[in-house]
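Colleague: Quick mapping for you: the protein sequence lines, in order, are chains A and B. Read in order, the letters of the first sequence are residues 1 to 612 in the working numbering. Read in order, the letters of the second sequence are residues 613 to 917 in the working numbering.
For the record, the hints were derived by calculation from the structure and aren't laboratory data. Honestly, I wouldn't trust all of these hints.
[As the list claims (entries may be wrong)] One-sided excerpt, in silico: chain A residues whose CB lies under 10 angstroms from chain B:
1. V85
2. V107
3. A114
4. Q121
5. E129
6. G205
7. L218
8. E350
9. Y351
10. F363
11. G364
12. L366
13. P512
We put the beta carbon where it would ideally sit given N, CA and C, even for glycine.
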Amino acid sequence: MASATPAIGAFPSPYSIETPPGCEGWEEMYPYYAIFDERRRQTDENRFWFWNSMHFPVPMPAFDVLCIDSPYQAVGSWQNRVFAVPPAMGIDYRIVNGYVYISGNPVTDPEKIAERAGFFQKRAGYYFENWSELYDNWRVKMEALIAELEELRVPDLPEYEPDEVAFGDERNTAFYEVLDAYGRVVRLGDLMWQHHFEFLLLGYGAYATFVEFCKGNLPDIPDQHIAQMVAGIDVLLFRPDAELRRLARLAIESGVDSAFIEGRSPEEIEAELSQSDPGRGWLRELGEVKDPWFNMATGDGLYHYYRSWLDDPSIPYAALIGHIGALRAGEQIERPTEEIQRERDRLAEEYGALLDEHSRQTFGELLGLSRSVFPYVEEHKFFCDYWFLTRWWNKVREFGALLADHGFLEDGEDVFQLSRHEVSCALDELVLTWATGGQPLGPKHWPDIVARRKHILERLGEWTPPPALGVTPDAVTDPMTIMLWGVTTERVQEWARQQEGGKELAGAAASPGVIEGVARVVRSVNEVADIREGEILVCGSTSPAWAPIFSKIKATVTDVGGVMSHAAIVCREYGLPAVVGTGRATAQIRTGQTIRVDGTAGVVTLLDGRDG
Amino acid sequence: MQYTRPLAELRRADEARFGGKSASLGELLAAGIPVPPGFALSTSAMRAPVHDEIAARYAELSESVREPSPAVAVRSSAVGEDSADATFAGQLESYLWVRGVDEICVAVRDCWASLNSVRAQAYREHLGAEHEAATGVTIQLMVDAAVSGVMFTCNPVSGDPSMVAINASWGLGLAVVGGEVTPDDYLVSKVTREVVRERISTKDVEYRPAADGRGTERTEVPPDRANVRCLDEQALTRLVELARQVERHFGCHQDIEWAKRRSDRELFVLQSRPVTSLPERPPKAPASALSLVMSQFGVPPHASD
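All chains should be built: construct the whole structure from the sequences, respecting the hints.
Modeller: See below:
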């Protein structure tokens, strides 16, 4: 990795990146095909790769690689093999020092593009025509998948198999049950990712078309106005926080609000509540709300770190304390849905009226289409990334616990330091030695590997990846890269300029307003709890699962994301200035630094000190 | 009084007799838009004794504003000026801060004279305007402007019809119109009144009425004020309202001169004319929503029919 290849253009060659000291051998955590390998250098070095910090802001643990492979298998399948998006096949990824870089595979042959266009029009057209019905079916499919995951049991390895195995015909032995359950957990994950991407491209595409149409006819229209015209009013994702607001009111009405004191842990609050009748009543109501509404992840869901509110109730409890405080102070905490609805209709009507007759009709059609696809765009995250994934990680944890019980791991959580294939291998040996009664080697094999990898990941976390590698493209033309990541030609040029470092960061103006304040750089979900009242959140990207902390902060700055990103949506909801897609805010800004966020112009200014 | 009329009585149809500027101001007044009052001289006044008529109209004006010798602007109001395809902007003379009947008459004569000036002739030839040179004159109450500027009822750069583009600088409009300062530049949404973009410039020069109240003088703006944003949200919102009113009235995009009065911060429209040049939009073939979505995914245009 330490070869002396010069940088090509503004971005370094992927083959020139040095391994940080103490991280030697990081490649062992990842599949052979995920590395920038000398045997593929000719092509890999001449492509444009960008850091997918939107989904993978921190170094990948070995097991979590499944959340790279599986999504890219799925997105490629739909995009390339089902819909045959004419100019773009799937997305390749590589890992450098634990960070994930991606690059699209273009289709350039005009004949091939025409051939694919035939498939695409037929198949995508079918989806657009039958969207609502197909999406209804999709939700049923997803709920069934989640139920199947819940029913899946991770068996014990008993000293003696129960009688049913001996006398019945229905039961398999535990060795088979363990291996089968593990295989099924992995496959259910794959299936979720398949469902996840079924609608995603088409949904984003319809919305992106509307955005482009607006910008073509109304070149200066603020991005947030476009989003406001489309955004759903009664969106599933707002439901969890709506339930918290309801519970906050209930706490006050039933006179148990005094239990909610800033600084108390959820356990302490629940302990006090459980001592009175009204308190127990409130806890019962909380129990009703929890499933499904607490199946929110504390992050964007692609790492095992992101637990759900069920696993870690500190976020919803912090929100409850905030809501109760606001209610006591006489503040209005409801989402003003009627007002949002009125404004949404008013914007659509007034913008439509400014267009000529023909454009107005197209505008209306595209707006209608965008509104019909948007529920999926907004809701798939709840079903897939939050509800399913947080529970799926917990299933994997059960295998971790099994391995730990038998000494293969020091701690169940260590399972995530092994790749899915290594876990499969460890389980193989575990059930083998359980069956034979022989001495397993695993307890002497895996713990050292786990310890080394934990150390490497920690050191890699201190390394700052460049926003892009390889050849700077003249233009970004891949519709997926533009739609899903907001990586446009302008953005790449901006990154290239910023390679020099500077006092200003530019991004997309996601939510208007200008504000100065103290930055809080949050690079992993563990740091969310550190956010103080009135700080400016600086992070890779936010997720609406963080919604409750938005009542604490003054503004948001993200590394990656467009105006469709959930950070942008939530900031507009809360009326907070936001600049998204700055490329390197978390690298350039440090916690405690004073910054100015201009969400109207899309500029972040570092006011004291230059660098993080 | 056959050669003069109050501005408020003029309409578009009067352009042939009173010139474009006076007719357009009459239209604005009729639409209820705040325009400083005044009166107009017809083109035929050029060959007539009009001193007494001017004196009478000026007395009416003086009475209506309860001020003995109110300052006025005297401007040419040419026929063929202020039409959508020909902006005579700056080609004909304006006389500002003129007081008293005698001074007005001098300014009126100078206006007539300027009609034959070399640059105005050249401009008219350039446009191919063949009609005989004739001009009316607009005599309009001055606004002592703390801030003034121009605005377009669309973004003239991008052509966005949902925006009002506002340029503003300290003092009278001369500095902006004459290009002597880089004005503050605001882009404001007609739909939400949000300031979508703004660029605050160093406005280091301003024109004020001269100390004796006659004519104007150019002064330097101290640095601490030169860099200050010269319009607040409230003023911007009001300007957008005015811009929409004017646009609605004329039914096409307008280029509007405006002023913010020093005494009470009231905003006035000083003149308005159609925008003469907008970015050419490539004519687009009618496209259905679905075909646009298809092209978003890179379906070649001919394949999407």
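Colleague: All the hints need checking, so say for each whether the structure fits it.
Modeller: Going through the hints against the structure:
Evaluation of the V85 of chain A hint against chain B yields a held restraint, the C-beta minimum of about 5 angstroms falling below 10 angstroms. Given the 10 angstroms rule on beta carbons, the hint for V107 of chain A holds: about 8 angstroms separates it from the nearest Cβ of chain B. At its closest, the beta carbon of A114 of chain A sits 6 angstroms from a beta carbon of chain B; the interface hint therefore holds under the 10 angstroms criterion. Against a cut-off of 10 angstroms between C-beta atoms, the interface hint on Q121 of chain A holds, since the closest Cβ of chain B lies about 6 angstroms away.
Taken as an interface hint, E129 of chain A checks out: its beta carbon lies about 9 angstroms from the nearest beta carbon of chain B, inside 10 angstroms. At about 5 angstroms, the closest approach between the beta carbon of G205 of chain A and any beta carbon in chain B falls short of 10 angstroms, and the interface hint on this residue holds. Of the supplied interface hints, the one on L218 of chain A holds, with its beta-carbon coming within about 5 angstroms of a beta-carbon of chain B, less than 10 angstroms. A distance limit of 10 angstroms between C-beta atoms decides the matter here; for E350 of chain A the minimum to chain B is near 5 angstroms, and the interface restraint holds.
Given the 10 angstroms rule on beta carbons, the hint for Y351 of chain A holds: about 6 angstroms separates it from the nearest Cβ of chain B. Among the interface hints, the one on F363 of chain A holds; its C-beta lies about 9 angstroms from the nearest C-beta in chain B, closer than the 10 angstroms criterion. For the restraint placing G364 of chain A at the interface with chain B, the shortest Cβ-Cβ distance is roughly 8 angstroms, inside the 10 angstroms limit, so the hint holds. Among the interface hints, the one on L366 of chain A holds; its C-beta lies about 5 angstroms from the nearest C-beta in chain B, closer than the 10 angstroms criterion.
A cut of 10 angstroms between beta carbons decides the hint on P512 of chain A: the least distance to chain B is about 6 angstroms, and the hint holds.
The earlier numbered hints are all upheld by this structure, with none contradicted.
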